[in-house]
Amino acid sequence: MTPLQITGLVCVFLAVDAVVVFAVVKYGVREPFAKLAAKYPPTEPAHDAESRRRQGISYGLANLGWSFTISVDAEFVHLEPNKLARLFGGRAVSLPRGALQRRSGGVMLTPYRIDIGEEIYLPKWVGRLVG
1 MTPLQITGLV CVFLAVDAVV VFAVVKYGVR EPFAKLAAKY PPTEPAHDAE SRRRQGISYG
61 LANLGWSFTI SVDAEFVHLE PNKLARLFGG RAVSLPRGAL QRRSGGVMLT PYRIDIGEEI
121 YLPKWVGRLV G
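To convert, note that position 66 of the sequence shown is 66 in the working numbering; the numbers rise steadily by one, no gaps.
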């Protein structure tokens, strides 16, 4: 094979690989968030909600660092994905505080059991506000 053919083959391989990886990651993010968003549609955070941008969460197969704006008010924990997280299928949700049960463990993120039987990991500061 000539160097040009090898370069072309490598480029084709990388392009196919990128498409497959994008599809797998998108499916791994979109499906869990679709289920969550169907149960807990987004609402507007209260005017006195504590909000932080570029926060990381983990849910399902997705570990999404610096991908969400999280707001906590008296009733909900609001998760608003940034543009990159939306590209991969992340959706805005408002989790009722009563639907979250704190679990033990977690170093950087605090695990919670959601009342639909799934676990979500949220930043430690959310745990201090939610309890």
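What the hints contain is simulated information worked out from the structure, not anything from laboratory work.
Some hints could be false.
[What the hints assert, rightly or not] Here are the in silico distance ranges between beta carbons for each label pair:
#, residue 1, residue 2, range
1, P41, T2, 55 to 63 angstroms
2, G117, K26, 35 to 43 angstroms
3, K124, L61, 17 to 25 angstroms
4, G8, R97, 22 to 30 angstroms
5, G8, R53, 21 to 29 angstroms
6, A23, K83, 49 to 57 angstroms
7, F13, P41, 54 to 62 angstroms
8, V25, T2, 18 to 26 angstroms
9, A18, G65, 17 to 25 angstroms
[Unchecked claim] No more than 25 angstroms apart at the CA atoms, straight line, and that leaves these computed lysine to any residue pairs for SDA-like:
#, residue 1, residue 2
10, K83, Q5
11, K124, P111
12, K39, S58
13, K39, L64
14, K35, W66
15, K39, V10
16, K35, L4
Ideal Cβ positions, reconstructed from N, Cα and C, are used throughout, including at glycine.
Going down the list of hints, with the structure as the test:
For the pair P41 and T2, the beta carbons lie near 57 angstroms from each other, so the given range of 55 to 63 angstroms is met. Between G117 and K26 the Cβ separation comes to about 24 angstroms, which falls outside the hinted range of 35 to 43 angstroms. Judged by the Cβ atoms, the range 17 to 25 angstroms given for K124 and L61 holds: they are separated by roughly 22 angstroms. A C-beta distance of roughly 56 angstroms is found between G8 and R97, which places it outside the suggested range of 22 to 30 angstroms.
Against the hinted window of 21 to 29 angstroms, the Cβ-Cβ separation of G8 and R53 comes to about 43 angstroms, which falls outside the hint. For A23 paired with K83, a C-beta distance near 19 angstroms fails the hint of 49 to 57 angstroms. For the pair F13 and P41, the supplied restraint of 54 to 62 angstroms is violated, since their beta-carbon distance comes to about 42 angstroms. A hinted range of 18 to 26 angstroms for the beta carbons of V25 and T2 is inconsistent with their spacing of about 34 angstroms.
The beta-carbon spacing between A18 and G65, approximately 21 angstroms, falls within the hinted interval of 17 to 25 angstroms. A distance of roughly 37 angstroms separates the Cα atoms of K83 and Q5; the hinted pair therefore is violated under the 25 angstroms criterion. For a cut-off of 25 angstroms, the pair hint linking K124 to P111 stands: about 9 angstroms separates their Cα positions. Only pairs whose Cα atoms come within 25 angstroms are accepted, and K39 paired with S58 is accepted, the gap being roughly 18 angstroms.
Using a Cα cut-off of 25 angstroms, the hinted pair K39 and L64 holds, with the two alpha carbons roughly 21 angstroms apart. Taken as a hint, the K35 and W66 pair is honoured in the structure, with Cα atoms around 22 angstroms apart against an allowance of 25 angstroms. This hinted pair does not check out: K39 and V10 have alpha carbons roughly 44 angstroms apart, beyond 25 angstroms. Restraint check for K35 and L4: the C-alpha separation of about 47 angstroms exceeds 25 angstroms, so the hint is violated.
The structure does not agree with the numbered hints 2, 4, 5, 6, 7, 8, 10, 15, 16 stated previously, though it agrees with the rest.
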